[in-house]
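Number of protein chains: 2
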Amino acid sequence: MPRAAVVLLSGGIDSATALAIARSDGYVCYALSVDYRQRHRFELRAAKKIAASMGVKQHRIIKLDPSVFGGSALTEEIAVPKFRPERQRSRTIPVTYVPGRNMVLLALALAWAETLGAGHIFIGVNALDYSGYPDCRPEFIGAFQGTANLGTRAGVEGRPIQIHAPLIRLTKADIIRKGSSLGVPFGRTHSCYDPDPRGRACGACDSCLIRKKGFIEAGIPDPTVYGGSERARG
Amino acid sequence: MPRAAVVLLSGGIDSATALAIARSDGYVCYALSVDYRQRHRFELRAAKKIAASMGVKQHRIIKLDPSVFGGSALTEEIAVPKFRPERQRSRTIPVTYVPGRNMVLLALALAWAETLGAGHIFIGVNALDYSGYPDCRPEFIGAFQGTANLGTRAGVEGRPIQIHAPLIRLTKADIIRKGSSLGVPFGRTHSCYDPDPRGRACGACDSCLIRKKGFIEAGIPDPTVYGGSERARG
Chain S
961 MPRAAVVLLS
971 GGIDSATALA
981 IARSDGYVCY
991 ALSVDYRQRH
1001 RFELRAAKKI
1011 AASMGVKQHR
1021 IIKLDPSVFG
1031 GSALTEEIAV
1041 PKFRPERQRS
1051 RTIPVTYVPG
1061 RNMVLLALAL
1071 AWAETLGAGH
1081 IFIGVNALDY
1091 SGYPDCRPEF
1101 IGAFQGTANL
1111 GTRAGVEGRP
1121 IQIHAPLIRL
1131 TKADIIRKGS
1141 SLGVPFGRTH
1151 SCYDPDPRGR
1161 ACGACDSCLI
1171 RKKGFIEAGI
1181 PDPTVYGGSE
1191 RARG
Chain H
961 MPRAAVVLLS
971 GGIDSATALA
981 IARSDGYVCY
991 ALSVDYRQRH
1001 RFELRAAKKI
1011 AASMGVKQHR
1021 IIKLDPSVFG
1031 GSALTEEIAV
1041 PKFRPERQRS
1051 RTIPVTYVPG
1061 RNMVLLALAL
1071 AWAETLGAGH
1081 IFIGVNALDY
1091 SGYPDCRPEF
1101 IGAFQGTANL
1111 GTRAGVEGRP
1121 IQIHAPLIRL
1131 TKADIIRKGS
1141 SLGVPFGRTH
1151 SCYDPDPRGR
1161 ACGACDSCLI
1171 RKKGFIEAGI
1181 PDPTVYGGSE
1191 RARG
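Sequences listed follow chains S and H, in order. Residue 1194, in this note's numbering, is where the first sequence stops; the numbers in between run on with no holes. Residue 1194, in this note's numbering, is where the second sequence stops; the numbers in between run on with no holes.
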């Protein structure tokens, strides 16, 4: 078959851009979303819209017991920090770090890739804007690829699996420029860690701040409706 | 807290023995079972009995979408081979190989370990009797540990996570002897790939053959009731 790739698709800007890059590089794309978050399932709704509009071969949503990922503001009722200055964001591992997340996501992608006979996995991790996340670093991605090729039939039989992290050294502005040039429907993506009940972005969490700044620096209009921000202020 | 370990517990002889070793080495044990198999959920019932009788601190069963693991006789309706000669078993990757399984299981254990603050993970893999499984080899386990310590807060902050595979170089007979000396309730374990509807072992699949031979070589009576074997013959 033509080159096939499993693309991890969260519904945010980064994974949507990673999908656009995979497609533009000629891969037949199988999008994989993992449903584990108790607090913001709007991401998955976004992932469905993106997968549908970007012509993936198949979009699989795997349900995963949310208890797998404890200890994070994204999965537990810990307050999401608001309006944190950038310096503070980049110095520490954020409370939104989810223990083991990218290892689990890549492992699930690997299982599906090997079953499909796909030799490629795309993940939209980024080491610059998320410098505090240990599992967004190039050394982690490289080590995962090596481990995957030791632990799979594909790897052992000489059909190594390649992990692509095409955004890993890009800034958010670079990613937005790249995605925009490839036609990513940014209006359908979701970034906010703390949306209101209708799914509108708060405009104040780390993820919203990074997104807003990225659009400004890219010189591209931000299609996001920041409707939830009154809660952050009050 | 005292040394804490997450122990992957399938309900078979190997993982029960790995748990007994972890307990005997003084670890406070958190048992983790993953519910993904469509065909033989008797393993999970066994895992519950073992966890209860071996004094684990907590036993967590994670449900995982069975579609994650396609392409194996353990999860799909492919015939389980019966009465295969040993030479044939050990030369090829068996049809019971599940793509990406140990990577996914270890990733889930890692996520829980980091959340708990546990620095140890035990897995009952074995490179001798399952020589065809790429993800049962020491080089895979070692690579996973390295990747885990690059991709977690614990690893980055100097509290490395250690992956223990205490059975990796033992024969099945060695494992049975070791488990027996540590009081593993073998009568409660389940190995069969193709049990009858009441959960009785078939006595003819690779896993039953390895189990039977192990007890014989260990010189220890096999408490298993092989009730399902008429199906294998007929």
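In case anyone wonders, no lab produced these hints; they're calculated from the structure. Check the hints yourself; a few may be wrong.
No farther apart than 25 Å at their CA atoms in a straight line, the calculated lysine-lysine pairs in the DSS-like style are these [stated by the list, open to error]:
hint, chain 1, residue 1, chain 2, residue 2
1, S, Lys1042, S, Lys1173
2, S, Lys1009, S, Lys1023
3, S, Lys1017, S, Lys1173
4, S, Lys1008, H, Lys1023
5, S, Lys1023, H, Lys1023
6, H, Lys1017, H, Lys1042
7, H, Lys1173, H, Lys1138
8, S, Lys1173, S, Lys1138
9, H, Lys1008, S, Lys1023
Given the hinted pair lysine 1009 (chain S) and lysine 1023 (chain S), is their alpha-carbon gap at most 25 Å?
-> Distance ~18 Å between lysine 1009 (chain S) and lysine 1023 (chain S) Cα, so the pair holds.
Agreement of lysine 1173 (chain S) and lysine 1138 (chain S) with the hint, judged by alpha carbon distance not exceeding 25 Å | This hinted pair holds, its Cα atoms lying about 16 Å apart.
Is the straight-line distance between the alpha-carbon of lysine 1008 (chain H) and that of lysine 1023 (chain S) 25 Å or less?
-> Measuring from Cα to Cα gives roughly 23 Å; hence the hint holds.
Do the alpha carbons of lysine 1023 (chain S) and lysine 1023 (chain H) lie within 25 Å of each other, as the hint requires?
-> holds, 9 Å
Between lysine 1008 (chain S) and lysine 1023 (chain H), does the CA-CA distance stay at or below 25 Å?
-> Roughly 23 Å between the alpha carbons, so the hint for lysine 1008 (chain S) and lysine 1023 (chain H) holds.
Verify the proposed pairing of lysine 1017 (chain S) with lysine 1173 (chain S), using a straight-line Cα cut of 25 Å.
-> violated, 33 Å
For the pair supplied as a hint, lysine 1017 (chain H) and lysine 1042 (chain H), is the alpha-carbon distance within the 25 Å limit?
-> violated, 38 Å
Hey, lysine 1042 (chain S) versus lysine 1173 (chain S), does the alpha-carbon distance stay inside 25 Å?
-> Roughly 15 Å between the alpha carbons, so the hint for lysine 1042 (chain S) and lysine 1173 (chain S) holds.
Under the criterion that the straight-line Cα-Cα distance not exceed 25 Å, is the pair lysine 1173 (chain H), lysine 1138 (chain H) satisfied?
-> holds, 16 Å
Comparing the model with each numbered hint stated earlier shows that hints 3 and 6 do not hold.
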